[in-house]
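The listed protein sequences derive, respectively, from chains Y, R, B and S. Letter 225 of the first sequence, counting from 1, is numbered 225 in our numbering, and no numbers are missing. Letter 101 of the second sequence, counting from 1, is numbered 101 in our numbering, and no numbers are missing. Letter 77 of the third sequence, counting from 1, is numbered 77 in our numbering, and no numbers are missing. Letter 343 of the fourth sequence, counting from 1, is numbered 343 in our numbering, and no numbers are missing.
Just to be clear, a hint being listed does not mean it is correct.
[As the list claims (entries may be wrong)] Facing chain S, a subset of chain B residues (Cβ under 7 Å, in silico):
hint, residue
1, V38
2, P41
3, V45
4, E192
5, K283
6, D298
7, P344
Hint data in this document are derived by calculation from the structure and do not stem from the laboratory. Idealized CB from N, CA, C, for every residue including glycine.
There are 4 protein chains.
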Amino acid sequence: MIRAGIIGATGYVGAELARLLCQHPEVELASVASIEEVGKPLREVFPHLRPADVRVQEELDDVDLVLAALPHGVSAKALLSYIQRGLPVIDLSADFRLHRLDEYARWYKVEHPAPDLLGKAVYGLPELHRQEIAGSRLIAVAGCYPTSAILALAPAVKAGLIEPDIIVDSKSGVSGAGRTLGLNSHYAEANEGVRAYSLDGHRHLPEIVQELSLLCEAPAPAVTFLPHVVPMTRGILSTCYARLREGALPAGERAREELRTLYRDSYRDEPFTAVVEAPPSTKHTLGNNFCLIHPALDERAGRLIVVSCLDNLVKGAAGQAIQCMNIMLGFPETAGLQQIALYP
Amino acid sequence: MIRAGIIGATGYVGAELARLLCQHPEVELASVASIEEVGKPLREVFPHLRPADVRVQEELDDVDLVLAALPHGVSAKALLSYIQRGLPVIDLSADFRLHRLDEYARWYKVEHPAPDLLGKAVYGLPELHRQEIAGSRLIAVAGCYPTSAILALAPAVKAGLIEPDIIVDSKSGVSGAGRTLGLNSHYAEANEGVRAYSLDGHRHLPEIVQELSLLCEAPAPAVTFLPHVVPMTRGILSTCYARLREGALPAGERAREELRTLYRDSYRDEPFTAVVEAPPSTKHTLGNNFCLIHPALDERAGRLIVVSCLDNLVKGAAGQAIQCMNIMLGFPETAGLQQIALYP
Amino acid sequence: MIRAGIIGATGYVGAELARLLCQHPEVELASVASIEEVGKPLREVFPHLRPADVRVQEELDDVDLVLAALPHGVSAKALLSYIQRGLPVIDLSADFRLHRLDEYARWYKVEHPAPDLLGKAVYGLPELHRQEIAGSRLIAVAGCYPTSAILALAPAVKAGLIEPDIIVDSKSGVSGAGRTLGLNSHYAEANEGVRAYSLDGHRHLPEIVQELSLLCEAPAPAVTFLPHVVPMTRGILSTCYARLREGALPAGERAREELRTLYRDSYRDEPFTAVVEAPPSTKHTLGNNFCLIHPALDERAGRLIVVSCLDNLVKGAAGQAIQCMNIMLGFPETAGLQQIALYP
Amino acid sequence: MIRAGIIGATGYVGAELARLLCQHPEVELASVASIEEVGKPLREVFPHLRPADVRVQEELDDVDLVLAALPHGVSAKALLSYIQRGLPVIDLSADFRLHRLDEYARWYKVEHPAPDLLGKAVYGLPELHRQEIAGSRLIAVAGCYPTSAILALAPAVKAGLIEPDIIVDSKSGVSGAGRTLGLNSHYAEANEGVRAYSLDGHRHLPEIVQELSLLCEAPAPAVTFLPHVVPMTRGILSTCYARLREGALPAGERAREELRTLYRDSYRDEPFTAVVEAPPSTKHTLGNNFCLIHPALDERAGRLIVVSCLDNLVKGAAGQAIQCMNIMLGFPETAGLQQIALYP
């Protein structure tokens, strides 16, 4: 068994990594670290992690692989020594996601702690970068919103179906804001309320643009990305809108068929991305690693609409990290990830 | 006291009309009708309507005014005799909202029961049609989604700020689907889930287009309207996107100021529509008659974003009906509508 | 207009007092104080309090009456000077609820800041102490759980119907824990979870025992009170169980009739306490000042079951405070409190 | 692989059986039947059951074992032919749970369709009847509420710790009412509301009494059982109260220790029942097969309080059925049941 360690184990993403590793056939959860709850058994911090037989430490014990669920800035710093020792590292923060240093500085407002490593990191979205992930030692797991947006749009962008002018309207459950206390995540404030946030620009935007740009010719698509919080615990649903290129699809019912075929073909061999016939609900992915995608047409307005959904803590974070880990280590890609969604 | 009657009193909109009328200083709830629960005291059907001292009947008693909360098709038919008797009528269905008979037939798939009355009806959105409402005897109260969308977009459309190519992404609570049982409103199915619906076109779209078209020159704006259900009881939040016209706003920070001024000026004298500084939550309008509007710019993409919210059963239905009634009858527009939102 | 001031205005109870005072015909919200958000307009702290035209201050301006929504210990201290100046004071903390100093010290673990005032305070539960409230200048508004439990049990205790051995199992919405941040009120932790708390004894127990003891001969009833949190914002439902005294009720169906009559007679003239035929839901009191009570019998086990519900922020706090204020100031008891519950 | 069939596969319990069987190492989901959705792929009825490669049929194909998730009355009838053919049968309805025919008739108001089989059925609660389950061909899986109540009370009843006078106050999520439409499960009615139901006696009461009676000498304990619905999808929390027998526990802190030891010893070897130090939340069992139990003392009132929780669709239904199946077929008891709860 490979011995994995989690740093930042006391947040929601860390706990979700632990949940998935406890059920993994090839990897064991060998050590967990955090600056909080040091000394406590992990199962005391999170009573649902009954099978996790580890105690929270300040530093990881010897492990074969490190998964990091820390805030940006902090994460790269904490990972440096592991990377230097040659350990394979899977980072769930944003620190190694952006290729351009200036974009990182502009959006994250901190100096990058390890700029020379940026070139070595691979963007951890298997559907687009499977081969590079297989050959890498440093994975920057894709963000939750970007995963839903990029997977929804990639086939259309790649096929030149749409104008480079895209709107992504995302709806997220409250767990996306993490376990850190705040008024916006206070039950009585969040319950029975929907609101938009980050109207001045959300940090997940440059990831979306970076990855979509790789799929088409310049110029990079202009993307408006607006996240919303809705009163539920887990789940992201993204609704993407873009104008169809003139003549990109045939007229009438054949347009729908061609669109469906394009999407189905794009994801035919994917173990965790599925094109579905009916508009999906976030409930269909609760607790599992799927991203469900439903492309549609607004013929009146000449517009493509793609709805996608996933569990922000699984395919949007911990599950995708495990999927990347499986690819990197040569395990079956679905190892430890075959949970069926919990419904209802 | 004016004696008002409600037909269709056993649905959510009917009950909300009753709640508001029970607290109205000039109008009393004199009679209620429904095809369900006939013979029962209304307060037995809805235990919260404790002060309502009426019994559900098949037909209304003599009243001075009729409010109808019935499904489309059924509503116009049920109202015909009252209209012919000259009673003032406020219809909350879609039957009299569209001016064009062919649009009605196309979207509602029924023959209109009273096509000659279409010309007499006024679209019940006081912010746009206050004067006509004052002089009318037949009000077609605006739909819940259209109210949020039209109020969000009207200032920008009127001022020529945006290209005629608009996206409205709306998020509604489950009560919008009414009290009729269905799997989509079944608690275990709706809870912890977000989903889009009516991707082939929602019936509220033609209302939105009709009203926005009145505010600008031809051609009518192309509108993509996509509704979503989120797990909460009441509330609609609409996020509207449109490309800014070149040169329509000055550059830099002055653009925001000008935008804010335009919106503030547009609604300065409105008793129930307010432009707010921070992105609003549906919680801010829970149970009251306000529509809150927050305009913003995505300068990177050259786009206007307007977020609006309201309570679908109040400003989106019963409250707006009472507001129209007040205007029609010459009462203060805010009579019976001064409830403060319930928070948290 | 009487000028009222609120201290502790930035919590949920303070905000609810403001909501109700803004709609009161005889009293105006003249000043608000808090140690937080000083200098901000109240409507900026709570956007739903749009009509509240006051700014948060460190100290109240000159007012005719003070309402305090502060934590215990802090409250009595903050109120001392107002009491000494002879102002009428309505305290929503627990500081003046218990008559016995030792009980206060035992449960609240602090020395009482004003022990000599204990004798002057009246327990603010109008159904039991209306006359004393009318003649008092210092009201200690009953707690949320105690209001639901005492009103549910009072008729049975007074009539000698039950053995002095009572269980109160209460279920509360999350707003009962206030606006102060904490993991238990964090959305993702509270949502989709029910749990019991304070198994070692909750501070509301001595109030319940004190008030029930006044209604029967010694010994005081033994009460087990166990609160639970359920995933909703507002509302308390208390289920009370006690063994029936032998022969206290006739046999068979007549027992139910007699029970119902006893309860109906007890609350016949109460404006805000109602005995209902069907088991009530907390939804039936959402946002209004009612306490609904449903007595029932488990004949197999020879047990009385009484279910009661109320809105913890209204009849359980701010509404009851306004009701006490109305009585104290000689206004109609229902002034400013006639809102109908919001449903659904 | 054993080939299992599910009848009643289109309800929530049926779907949950399918979810668990799809992840079982020794048993495959070979066939599903229902009177609804006949002809549809199961994964179309329930999109989350993506790996289930079966179509809904009117009758089961040839299978080695039958699991039934049908309403009472219907279930026994539907199972008769399978039982007669000698197939092992696991019934999740109440039809074979009660040993006494008159109790069945009294509570379920139907004539029993197969009274002679009552004697052959074993009550499917492994913690109490493991050996009998191993030797049986007909299991009547324990009800959801009874499982939580019996496991909470069994150690105390068996040890003679409490008076035979017990109160069980249970709080259930809405999925407990099933997938059949009804106003009580309508989202807008159930959300933000808590209510008690079945105050005249709930059908799960006789099961609780039957099983507790087996653990103590006559007379059977008098049990008051009152279920409540709370606004969440899954989970049951039961709070059980009973007076301690004089002298049954030592005085002071040693009482708690002895109580904890009694409970820990009772469930020491159980794979799915755990005694926990802190009061559990239903979130701790979301989607898994655990029952968590927390015993406590109210020393003031001389009362035992036991809080237990479980997922009503797993340990309260489908998971317990699979657990019984594993025992019956000689598989490891935890096979296919090792999912970790989903948190948050």
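Hint check results:
1. V38: Hint on B:V38: violated, closest Cβ of chain S at ~33 Å, above 7 Å.
2. P41: Violated: closest Cβ of chain S sits about 29 Å from B:P41, beyond 7 Å.
3. V45: 24 Å, violated
4. E192: At 5 Å from the nearest chain S Cβ, B:E192 passes the 7 Å test, so the hint holds.
5. K283: 4 Å, holds
6. D298: 5 Å, holds
7. P344: This interface hint holds because 4 Å falls under the 7 Å limit.
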